[in-house]
Amino acid sequence: MSESGNRKLAIICSKGTLDMAYPGLVLANAALMEGIDVMMFFTFWGLDIVNKKTMNHLKATPVGNPAMHMPNIVGVLPGMTDMATSMMRKEIEKLDFPPIDEFLEMIHDAGGELYSCRMAMDMMKLEKEDLSENVDEVIGAMEFMEKSEGAQIIFI
Amino acid sequence: MSESGNRKLAIICSKGTLDMAYPGLVLANAALMEGIDVMMFFTFWGLDIVNKKTMNHLKATPVGNPAMHMPNIVGVLPGMTDMATSMMRKEIEKLDFPPIDEFLEMIHDAGGELYSCRMAMDMMKLEKEDLSENVDEVIGAMEFMEKSEGAQIIFI
Amino acid sequence: MSESGNRKLAIICSKGTLDMAYPGLVLANAALMEGIDVMMFFTFWGLDIVNKKTMNHLKATPVGNPAMHMPNIVGVLPGMTDMATSMMRKEIEKLDFPPIDEFLEMIHDAGGELYSCRMAMDMMKLEKEDLSENVDEVIGAMEFMEKSEGAQIIFI
Numbered sequence: 001m002s003e004s005g006n007r008k009l010a011i012i013c014s015k016g017t018l019d020m021a022y023p024g025l026v027l028a029n030a031a032l033m034e035g036i037d038v039m040m041f042f043t044f045w046g047l048d049i050v051n052k053k054t055m056n057h058l059k060a061t062p063v064g065n066p067a068m069h070m071p072n073i074v075g076v077l078p079g080m081t082d083m084a085t086s087m088m089r090k091e092i093e094k095l096d097f098p099p100i101d102e103f104l105e106m107i108h109d110a111g112g113e114l115y116s117c118r119m120a121m122d123m124m125k126l127e128k129e130d131l132s133e134n135v136d137e138v139i140g141a142m143e144f145m146e147k148s149e150g151a152q153i154i155f156i
Numbered sequence: 001m002s003e004s005g006n007r008k009l010a011i012i013c014s015k016g017t018l019d020m021a022y023p024g025l026v027l028a029n030a031a032l033m034e035g036i037d038v039m040m041f042f043t044f045w046g047l048d049i050v051n052k053k054t055m056n057h058l059k060a061t062p063v064g065n066p067a068m069h070m071p072n073i074v075g076v077l078p079g080m081t082d083m084a085t086s087m088m089r090k091e092i093e094k095l096d097f098p099p100i101d102e103f104l105e106m107i108h109d110a111g112g113e114l115y116s117c118r119m120a121m122d123m124m125k126l127e128k129e130d131l132s133e134n135v136d137e138v139i140g141a142m143e144f145m146e147k148s149e150g151a152q153i154i155f156i
Numbered sequence: 001m002s003e004s005g006n007r008k009l010a011i012i013c014s015k016g017t018l019d020m021a022y023p024g025l026v027l028a029n030a031a032l033m034e035g036i037d038v039m040m041f042f043t044f045w046g047l048d049i050v051n052k053k054t055m056n057h058l059k060a061t062p063v064g065n066p067a068m069h070m071p072n073i074v075g076v077l078p079g080m081t082d083m084a085t086s087m088m089r090k091e092i093e094k095l096d097f098p099p100i101d102e103f104l105e106m107i108h109d110a111g112g113e114l115y116s117c118r119m120a121m122d123m124m125k126l127e128k129e130d131l132s133e134n135v136d137e138v139i140g141a142m143e144f145m146e147k148s149e150g151a152q153i154i155f156i
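Taken in order, these protein sequences are the chains called A, B and C. Position 129, counted from 1, in the first sequence is what the working numbering calls 129; the numbers after and before it change by one each time, with no gaps. Position 37, counted from 1, in the second sequence is what the working numbering calls 37; the numbers after and before it change by one each time, with no gaps. Position 57, counted from 1, in the third sequence is what the working numbering calls 57; the numbers after and before it change by one each time, with no gaps.
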C-alpha cells in the first residue's frame, strides 16, 4: 500500500535485453491502467533501457537461450543476434507496442515514477544527463527500499 | 490476501529453460501444500513450459552460464547443450520430481490456477489448443494485475 | 510483516554470476540498514554464492548478454569471460563493496538469515560443510514458504 492506501507495484529492471525490457514496461503500463501506483528502478544491465545511447537499440539474443530453438553453434555466428533482434522487433511492432523511449514517456506521463540506481551508474560511468529525461531521480538501494514499502516487488 | 482472506502467491514464468522452469513449479507445489492460493502466469519464453510441443523437451544450456563451470568455447560445440540437459534431467528424476506435463497437472489438480499471456501468445503465434489442457485461461497483463491483487508476486 | 510486525524481505538467489549475485547482497544489506527483517534463500546456481569453493570465484559472462556490447563470436573466445569478470570485479572494488564471503558475513552479523535449498544441494551433491558458515540452515521449499509469510519476495 502507498501512503494514500493505494495498491503499489515496484519493478526492478536489471536486464537490458529486448525480451526482458518489455515485460517490465508492459506490466508497469497494465498496472497504471488498473489505477495501481507504479515505480520502476533501473539497475545493472537494466540501465540500458533508460540510457539514451542504447534504449532504442536493445537486442534479443539467441545464444544460451534454448527457447529460441537454435543450436548454440549457430547462435554465435555473426548476424544471428541481429536476426533474432529484428524478428522480435517486428513482432513487438505488430502488437502495437511503442519503442522503448515512447513507452517510458507513456508510463511517466501516466504517473509512473522512474528511478535509476546510483551504484550501477557509478559502475558504468553514467551521469543523469546520459539517461532519458523521463527518469525522475537517481537513487541508492536504501532509498529504493524506503520507496518500495508496502509495494508488491518484481525483480526482472 | 485472496478474497477469502487466504495467503496468495502469483508466479510469473518468463523463461523456458529446464533450470528456470522447475523453481516455479517447485515453489507453486510447496505453496499449495502449505494451503496457500497459487496462480501461475506463463509469458515470453515461459510459454515453452505449457506449450505441448516443447514442454517435455526443455533444455538446460551451458553457454553463458558460468555456474556450469565449462568454458564458453566448449559450450557452443554441438552436443554440449544436450549433455547439460540430460545431466540435469537425470538429477531431477533422482529427486522424484515429475516431468513438466505431470507437474502441471499435479499443480492444477491441487487447485493452482494456470494462465498464459495473450500478448506473448500472439507474438509466438500460439493458440489455446497448442497449450497443455491444464492451462485454465489466456489472459492479458491487465487481467493478471487484477488477479494478483494482494499476492506475493515472484517473477522468474 | 514478520511476527514482530516488522517489515520483511525474502530474497531468492537462483543465479551464480557475479552480476546477479551482487544485486541480492546489495538489496539485503540496504534493507537491513533500513531496519527491515531479511532472509536470503540460495537455490540452483545461486548455491555458488554460498559454496566455499566457488563463492570468491564467481564470473561475469559476456556471451548471450547483449548488454555487454560484444558480438557473441568474440564472447566465446577463451579468455573473454575472464576479461569481463576482472573488469566487473575492479568496478565492484572501486565502489567499496566487499568480496562475497565478507558480504555474507556482514549480512549475517547484521541479523540477516541465510538459508540454502535442500533440493538444489541434493542435485549438486553438496553438504552443509561445503557452504559458508554464515548459512544458518538447509531448508526445503515448504519451509521457505512458511518463513516468507508476510514478506516482500524477490526472485533473482
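Just to be clear, a hint being listed does not mean it is correct.
Which copy is meant is left open, so a pair is good if it fits within one copy or across any two.
Unchecked claim - Calculated cross-link-like contacts (lysine-lysine; reagent style BS3-like; alpha-carbon spacing at most 25 angstroms):
1) 53 <-> 90
2) 128 <-> 94
3) 53 <-> 125
4) 90 <-> 128
5) 53 <-> 147
6) 52 <-> 125
7) 147 <-> 90
8) 128 <-> 53
By construction, these hints were calculated from the structure, which means they are not laboratory data.
Practice problem: Report the numbers of all earlier hints that the structure fails to satisfy, in ascending order. | Solution: Per hint list: 5, 7 violated.
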